[in-house]
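*Asks:* Take the two lone chains, each set in its own frame, and fit them into one complex as the hints suggest.
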Amino acid sequence: EAGVTQFPSHSVIEKGQTVTLRCDPISGHDNLYWYRRVMGKEIKFLLHFVKESKQDESGMPNNRFLAERTGGTYSTLKVQPAELEDSGVYFCASSLTSGIYNEQFFGPGTRLTVL
Amino acid sequence: RKEVEQDPGPFNVPEGATVAFNCTYSNSASQSFFWYRQDCRKEPKLLMSVYSSGNEDGRFTAQLNRASQYISLLIRDSKLSDSATYLCVVNKYGNKLVFGAGTILRVKS
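These protein sequence lines map, in sequence, to chains A and B.
Residue numbering for the first sequence follows the numbering used here, beginning at -9 and increasing consecutively.
Residue numbering for the second sequence follows the numbering used here, beginning at 37 and increasing consecutively.
Don't take each hint at face value.
[Claimed, not checked] Calculated lysine-lysine pairs in the PhoX-like style (CA-CA distance at most 20 Å, straight line):
hint, chain 1, residue 1, chain 2, residue 2
1, A, Lys44, B, Lys128
2, B, Lys128, A, Lys34
3, A, Lys34, B, Lys81
[To be verified] If you want the footprint, here are the derived chain A segments under chain B, 3+ residues with CB under 8 Å:
hint, region
4, 27 to 34
5, 37 to 50
6, 89 to 97
Hint data in this document are derived by calculation from the structure and do not stem from the laboratory.
Cβ coordinates follow ideal geometry from the N, Cα and C atoms, glycine included.
Excised from the complex, chain B in its bound form (with noise of 0.2 Å):
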């Protein structure tokens, strides 16, 4: 089993929709936890970091639930330039990131 799961999908939406991904994580002793955004051929950018329940930026919502080890988010009001690839992050040991292998989401005119 993976240390930190996502549906891959890809994600086919419509401009102007909600969208919403989730992930799960194994091991129960994470502490923090991050969503980051790739674009095709890039590097990892941090979208949103999530330590307590949860975090809300704009159209962005990332919550956490410790208890079914699973983060979340959403993404309302979507725009043609959210297309990428989401990944769900968890730092376990204090400066290991684990990455989840990503969630791709298009988003379509």
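Pulled out of the complex, with its shape left as it was, chain A reads as follows (with noise of 0.2 Å):
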């Protein structure tokens, strides 16, 4: 079974340009989550769809990052503009059940560099 898949795995834009990732989750997760680690800061947590809904939001640190999900299977996280704080590995995750009990299978990161 193939698991959660990211592109680009590296990305060096500059500050002001647009970003795009892209999350390929498990098949059949219809929940997916997006964490972010910054330079020597612990994973935390940006966002969770259920399907194509967000059900929770309360990470994303400002509105230059819009996650979608359209038709809930991928999804995408753009930053726009990009800043510098904005560098580091994006990490997306799914699961197949939600609630305090779901186990989060993660992707092997979108590690962005704005220089």
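*Replies:* What follows is the structure, encoded as structure tokens:
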């Protein structure tokens, strides 16, 4: 069974540019999550989709970040315009179930560098 | 105070040793707990889920103490391949995972 995939694996952009990250969850997983790790910090939650609906976007840092999951399959996370502090590793995860006992499986991440 | 606290290590142990990590969490309402393993520049991989008092899987044992709000991970008969960062993770509000900063383990021959 294929795991969570993410594209691109690395992205280097200049401040002010736009970047779009993509995540394909494990087939059949309705729950999709975005997390981020910035240098020297813990991995932090950004948001949670159930199918195409945003269930919780409390971790989104500001309105420069836009996540979508049209059709309830893959998801994109757009950063526009990118700032230096957006650099980090963006992980996507998916789970079959939701709730407190859900087990989340992570993709390899996209390493974003904003210059 | 961080929501999930771990000793960053590193823990340097010889092959075959037993090593234990502790993790404390601040929110007593937390419901479920996980240990993830992360290799350098890779994604976190789920190692164990801890829903009740503990869980055992081969050489790995996780224990939960709700009264003291800590979770432990015990690794017996350490292998070189166990070298990694071990992340303590708490599910606080249903779907949002809260991560600790991780504990580095280095197993040496």
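*Asks:* Are lysine 44(A) and lysine 128(B) close enough, with their CA atoms no more than 20 Å apart?
*Replies:* holds (18 Å)
*Asks:* Count the residues of the region 27 to 34 of chain A whose CB lies closer than 8 Å to any CB of chain B, then report whether that count reaches three.
*Replies:* Answer holds; 4 residues pass the 8 Å Cβ test.
*Asks:* Has the given pair, lysine 128(B) with lysine 34(A), been kept, meaning a C-alpha gap of at most 20 Å?
*Replies:* This hinted pair holds, its Cα atoms lying about 13 Å apart.
*Asks:* When I compare C-beta atoms, does the region 89 to 97 of chain A have three or more residues closer than 8 Å to chain B?
*Replies:* holds (count 9)
*Asks:* Check whether three or more residues of the region 37 to 50 of chain A sit with their beta carbon closer than 8 Å to a beta carbon of chain B.
*Replies:* holds (count 5)
*Asks:* Verify the proposed pairing of lysine 34(A) with lysine 81(B), using a straight-line Cα cut of 20 Å.
*Replies:* Holds, because 16 Å separates the two Cα atoms, which is no more than 20 Å.
Checked against the numbered hints above, the structure violates none of them.
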